[in-house]
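Work out the full structure, taking the sequences as your base and the hints as a guide.
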Amino acid sequence: MNNWSWEIFLEAFPYVLEGIGITIGLTIACYLFALIFGFIWTFVRRIPVKPVRWVILWIMEFIRSTPPLVQLFFIYYAWPMVPGIGMTLSPFTSAVLGLGIHYSTYIGEVYRSGIDGVDKGQWEASRALNFSTRQKWTKIILPQAIPPTIPMLGNYLIIMFKEVPLASTIGVVGILQMANNFGAENWRYLEPLTIVAILFLVLSYPSAILINKLERKMNRRFDKKTPTGSKPISKANAPG
Amino acid sequence: MTEPIVMYKDVHKSFGDVSVLRGIDLDIKPGEKVAVIGPSGSGKTTIIRMLMTLEQPTSGSIIVDGKNLWQMEKGGQLVPANEKHLREVRGDIGMVFQHFNLFPHMTILENCMTAPVQVKKEDKATAKKHSIEMLEKVGLGDKLDNYPSQLSGGQKQRVAMARALVMRPKIMLFDEVTSALDPELVGEVLEVIRDIAKEGEMAMVLVTHEMDFALDVADRVLFLDNGVIAEQGPPSQVLEHSENERLQSFLHRFRK
Amino acid sequence: MDAIVEVFPVLVKGVEITIKVLLASIVLGYLMAFIAGFCRLSNNIILRKITGFYVEVFRGTSLIVQLFWLYYALPILFGIEIGSDFWAGVLAISLNYGAYMSEIVRSSILSVAKGQTEAATALNMSRFQRMRLVIFPQAVRMMLPEFGNYLILMLKSTSLVSLIGMTDILYYGDILRSSDLSQAPTVYLLVLVFYFIIALPLIWLTKKMESASKKGVASQ
Chain A
1 MNNWSWEIFL EAFPYVLEGI GITIGLTIAC YLFALIFGFI WTFVRRIPVK PVRWVILWIM
61 EFIRSTPPLV QLFFIYYAWP MVPGIGMTLS PFTSAVLGLG IHYSTYIGEV YRSGIDGVDK
121 GQWEASRALN FSTRQKWTKI ILPQAIPPTI PMLGNYLIIM FKEVPLASTI GVVGILQMAN
181 NFGAENWRYL EPLTIVAILF LVLSYPSAIL INKLERKMNR RFDKKTPTGS KPISKANAPG
Chain B
1 MTEPIVMYKD VHKSFGDVSV LRGIDLDIKP GEKVAVIGPS GSGKTTIIRM LMTLEQPTSG
61 SIIVDGKNLW QMEKGGQLVP ANEKHLREVR GDIGMVFQHF NLFPHMTILE NCMTAPVQVK
121 KEDKATAKKH SIEMLEKVGL GDKLDNYPSQ LSGGQKQRVA MARALVMRPK IMLFDEVTSA
181 LDPELVGEVL EVIRDIAKEG EMAMVLVTHE MDFALDVADR VLFLDNGVIA EQGPPSQVLE
241 HSENERLQSF LHRFRK
Chain C
1 MDAIVEVFPV LVKGVEITIK VLLASIVLGY LMAFIAGFCR LSNNIILRKI TGFYVEVFRG
61 TSLIVQLFWL YYALPILFGI EIGSDFWAGV LAISLNYGAY MSEIVRSSIL SVAKGQTEAA
121 TALNMSRFQR MRLVIFPQAV RMMLPEFGNY LILMLKSTSL VSLIGMTDIL YYGDILRSSD
181 LSQAPTVYLL VLVFYFIIAL PLIWLTKKME SASKKGVASQ
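So the sequence lines, in the order shown, correspond to chains A, B and C. In terms of the working numbering, the first sequence opens at residue 1 and continues consecutively. In terms of the working numbering, the second sequence opens at residue 1 and continues consecutively. In terms of the working numbering, the third sequence opens at residue 1 and continues consecutively.
Because the hints were derived from the structure by calculation, they are not lab data. A few of these clues could be false.
To be verified - Below, in silico cross-link-like pairs of lysine to any residue (SDA-like), each with a Cα-Cα straight-line distance of 20 Å or less: (1) K84(B) x R130(C); (2) K49(C) x A208(A); (3) K120(B) x T117(C); (4) K214(C) x S113(A); (5) K214(C) x K84(B); (6) K207(C) x F62(A); (7) K217(A) x I59(A); (8) K84(B) x N43(C); (9) K217(A) x S113(A); (10) K9(B) x V79(B).
What the hints assert, rightly or not - Some residues of chain A that are not near chain C, with every Cβ distance over 10 Å (derived): (11) I22; (12) F39; (13) I47; (14) W54; (15) D116; (16) K120; (17) L129; (18) T133; (19) Q135; (20) I140; (21) G154; (22) A197; (23) Y205.
Every residue gets a Cβ at the ideal spot worked out from N, C-alpha and C, and that includes glycine.
Here it is, written out as structure tokens:
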């Protein structure tokens, strides 16, 4: 442990901390994007044309099974080179699109599990009461489908937070990139990288506990009927 | 006078602040059939669960075949029993549960032969032979390779009995074994217990709500109320001629 | 079409490293999951606390941060080298996912119905026999579907080792891109397809594990 220097630690701390705004900002931007895009998946996969649905499911599977890092590179480096539709995007925008789209496929599954979790009788009842399609969704299905998914969605916020440092690879200057910069300038990686780890721990651990509490509360309120068919990774709070 | 095979001496049990048993004294003779009745929450099940070592008494002692179940001697002092001691003493006890608790990942035959092979170190062929005999005896000789999920409740409970019986216990405990069954399946299970009881050599403790069955099979009936044995004696006396008001109102509810 | 013919053989060179890192991470990750999962259920409070600390630290920070830390910081801190970028990559991935999966091991064991332990006790099984013959075989069935999902997660995370200079598929993709930026769309699309092709058997395996787990579990 004789290589540890508190002096450098104290010097690096404010330096690394400068990146926290970008890290958190990017987390929120990616998350909101994924939340909205997730809805699109949920609805297009309900299209009642079999070949269309089949294609959409495979696209989702493709996005989900390939590394977000490569998707990030694709959007940042390759997209501008695509003839006709391509355009140059800033690192931040690329990260929002890349991580946002990747995680939207997971979020879409969460929405779906919420909708599937609504009792079959509710659909029948709304038909029996002659609701319009719009009324059925806004008054009956969604109000029941959304609340049970809130803890899972919260989990994805934490997962997103931990995935955001990937964006340092295309030059988004969050805390990880600040630490790398500090390392490159001073030839000291130990302290700044440790600071990054501590910052992540300090921010994500309490959030995880909060989400757990929320989940337990929801379980009680909804009579322990958590949505079925949800991907267990959400429960385990795993990164992609 | 034969020595009792099980003795409870002033056994108390509480769960947290709730006192469930408040001083149980009970002797069970080898081969004796004892039925335990009483309102729910009276601690009936706890009595046999302590004997099976699934629940530890708060105070008092239980003696099995002359050996103290929950305490052992160590350096001249009585100390709480460890796992090894418990295993030595409870080897002669078997139990059948309300919810069967069959092992879902094993076939019916495996459910029966695993313990003889692994615990009693019988050789496989012998254990298999005994298990098949026992399963035939409970009427399930044709289901050996089925999994528990493929059986009805009554069949599951008969497997559970065969599984306990192949261990050749001297004491068998039955914990409301018909409570989780559909009414039309109760008969087949009681029939098997009757057959086992007739063979005579095993002591049996039956926690039950089937009064007619208790009358028929038991040598002695205990009425448990408020954590104590409120009344006990031969079935006909307890079930038909008791003066105890609580017992009468309890029985009244069942006879309706 | 020409571009694909040009790019394909270069990317193929990285497949070996990607698969090696993946397989080593899977083996070590599952091993770690079982070790840590059992330690968290142990009666020994010190063991429990230490494992709990490991699990929370690795779940609370990013994999990429852990990778950089193991690769750049650890050698400075203790004056030891992990040996190679290969082991730094494999260790980061397996320690990270091992931490997540240890929670699955723990919760699966805890969710085998209490009645199963009681029945095993009534048959006079020892603590070890109860775990080996009754609890564990059922718990494993519960772990399977989630373990399957982690196969894909681990595959995706192997792409990070290119960042510490390992010559995996993405590494060769980056080389191609930096030599000719106009090829980037072909290159990265093909890289994605490579990963997807490796993912296909894992997806299939996950489905198998899911259906296998549907049999033979008694949960509370």
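Tested hints:
1. Our distance criterion of 20 Å between C-alpha atoms is met by K84(B) and R130(C), whose separation comes to about 14 Å.
2. As the CA atoms of K49(C) and A208(A) are separated by approximately 18 Å, the hinted pair is consistent with the 20 Å bound.
3. Proximity of K120(B) to T117(C) is assessed by CA-CA distance (about 18 Å); at most 20 Å being required, the pair is judged to hold.
4. Of the pairs offered as hints, the one joining K214(C) and S113(A) holds, with about 19 Å between alpha carbons and a cut-off of 20 Å not exceeded.
5. With a C-alpha separation of about 35 Å, the suggested pair K214(C) and K84(B) falls outside the 20 Å cut-off, and the hint is violated.
6. Among the hinted pairs, K207(C) with F62(A) is consistent with the structure: their alpha-carbon atoms are about 16 Å apart, no more than 20 Å.
7. A C-alpha spacing of about 35 Å is found between K217(A) and I59(A), which places the hinted pair above 20 Å, so the restraint is violated.
8. Of the pairs offered as hints, the one joining K84(B) and N43(C) holds, with about 17 Å between alpha carbons and a cut-off of 20 Å not exceeded.
9. For the given pair, K217(A) sits about 19 Å from S113(A) by alpha-carbon distance, which is consistent with the 20 Å threshold.
10. Restraint check for K9(B) and V79(B): satisfied, since their Cα atoms lie roughly 17 Å apart, inside the 20 Å limit.
11. Distance check on I22(A): its Cβ is at least 15 Å (rounded) from any Cβ of chain C, clearing the 10 Å threshold; non-interface status holds.
12. Consistency note on F39(A): stated as away from chain C, and its beta-carbon is indeed over 10 Å from all of that chain's, at 23 Å minimum.
13. Against the 10 Å criterion, I47(A) stays outside the reach of chain C, whose nearest CB is about 23 Å from its own CB.
14. Annotated as non-interface, W54(A) keeps its C-beta farther than 10 Å from every C-beta of chain C; the closest such distance is 15 Å.
15. Non-interface call for D116(A) relative to chain C: holds, since the shortest CB-CB distance, roughly 16 Å, exceeds 10 Å.
16. The beta carbon of K120(A) sits about 21 Å from the closest Cβ of chain C, which is more than 10 Å, so the claim that it is off the interface holds.
17. Its beta-carbon lying about 36 Å from the closest one in chain C, L129(A) satisfies the requirement of being farther than 10 Å from that chain.
18. The Cβ of T133(A) sits about 33 Å from the closest Cβ of chain C, beyond the 10 Å cut-off, so the non-interface label holds.
19. Even its closest Cβ contact with chain C, about 36 Å, leaves Q135(A) beyond 10 Å, as expected for a residue assigned away from the interface.
20. With a least beta-carbon separation of about 31 Å from chain C, I140(A) lies farther than 10 Å from that chain, consistent with its non-interface assignment.
21. Consistency note on G154(A): stated as away from chain C, and its beta-carbon is indeed over 10 Å from all of that chain's, at 15 Å minimum.
22. With a least CB separation of 5 Å from chain C, A197(A) falls inside the 10 Å interface cut-off, contrary to its annotation.
23. The beta carbon of Y205(A) is not kept farther than 10 Å from every beta carbon of chain C, the shortest such distance being approximately 5 Å.
In summary, the numbered hints that this structure violates are 5, 7, 22 and 23.
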